[in-house]
Amino acid sequence: MPETVAVPPFSARVVERLGVDLTSRTERVIHSLDGLEEPVHPDTLTEAGSQLWNRLLAEVPELMGNIDFLLGLDAGGILPTVSLASASAVPYKIAWKLELPLDGAVRFSEPHAVRTDVFAYGIAPGQRIVLVDDEVTTGRTLADLTVRLREAGARPLAAACLVEDVTQGARELLSRLRMPLVALADLEPAR
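Take 1 as the starting number for the sequence shown in full-length UniProt numbering and just add one per residue.
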């Protein structure tokens, strides 16, 4: 008989980043799926993907049946992308910090990172894409990706993340681009 696993609720918090230069963020959002503090049971990842998919459909119902693929961001976005793909049965691709001689390259920027250039490959006009990352703070990376995909003729439909830091203005920035942002959890301002 299969073991029944109690799936803990998703959680996230901000920690100080040590040894960073002036161009990088001084804080990092860590969460219960990143495996930094505790091992992650596969059922926990499965449940998070299912919850995020259900929330995505509830908040952006026109997505149902209208997504060609999910596009996850290297490296933090890999786990939520795979988890969301498993829950939704929607194929996925990953954007990498690797410049390669592949067709359909779209370069975008992750401005707060040490290596800022990120590349999505195989992008073609008309593709309907949901962007996926683990955490969203300022939204500048997703905003730049949205603009670059549209310039390539693709149709980014929404962005999904595990956790949104609601104090940094990402939702407002993406809203101005008509890009819905759906988060599994919010980091609230400290009281």
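Just to be clear, a hint being listed does not mean it is correct.
Unchecked claim - Straight-line C-alpha distance at most 16 Å; calculated EDC-like pairs for lysine to aspartate or glutamate:
#1 K97 x D68
#2 K97 x D117
#3 K97 x E110
#4 K97 x D74
#5 K93 x E62
#6 K93 x D103
#7 K93 x D74
What the hints assert, rightly or not - Computed spacing ranges between beta-carbons, pair by pair:
#8 G153 x V15: 26 to 32 Å
#9 D186 x S86: 19 to 25 Å
#10 L18 x L177: 19 to 25 Å
#11 S11 x S175: 23 to 29 Å
#12 P39 x E172: 23 to 29 Å
Just so you know, these hints were derived from the structure itself, not from any lab. We treat Cβ as the ideally placed atom computed from N, Cα and C, and that holds for glycine.
Hint check results:
| no. | hint | in the structure |
| --- | --- | --- |
| 1 | K97 x D68 | violated (22 Å) |
| 2 | K97 x D117 | holds (6 Å) |
| 3 | K97 x E110 | holds (10 Å) |
| 4 | K97 x D74 | holds (7 Å) |
| 5 | K93 x E62 | violated (21 Å) |
| 6 | K93 x D103 | holds (14 Å) |
| 7 | K93 x D74 | holds (10 Å) |
| 8 | G153 x V15: 26 to 32 Å | violated (40 Å) |
| 9 | D186 x S86: 19 to 25 Å | holds (24 Å) |
| 10 | L18 x L177: 19 to 25 Å | violated (33 Å) |
| 11 | S11 x S175: 23 to 29 Å | holds (26 Å) |
| 12 | P39 x E172: 23 to 29 Å | violated (36 Å) |
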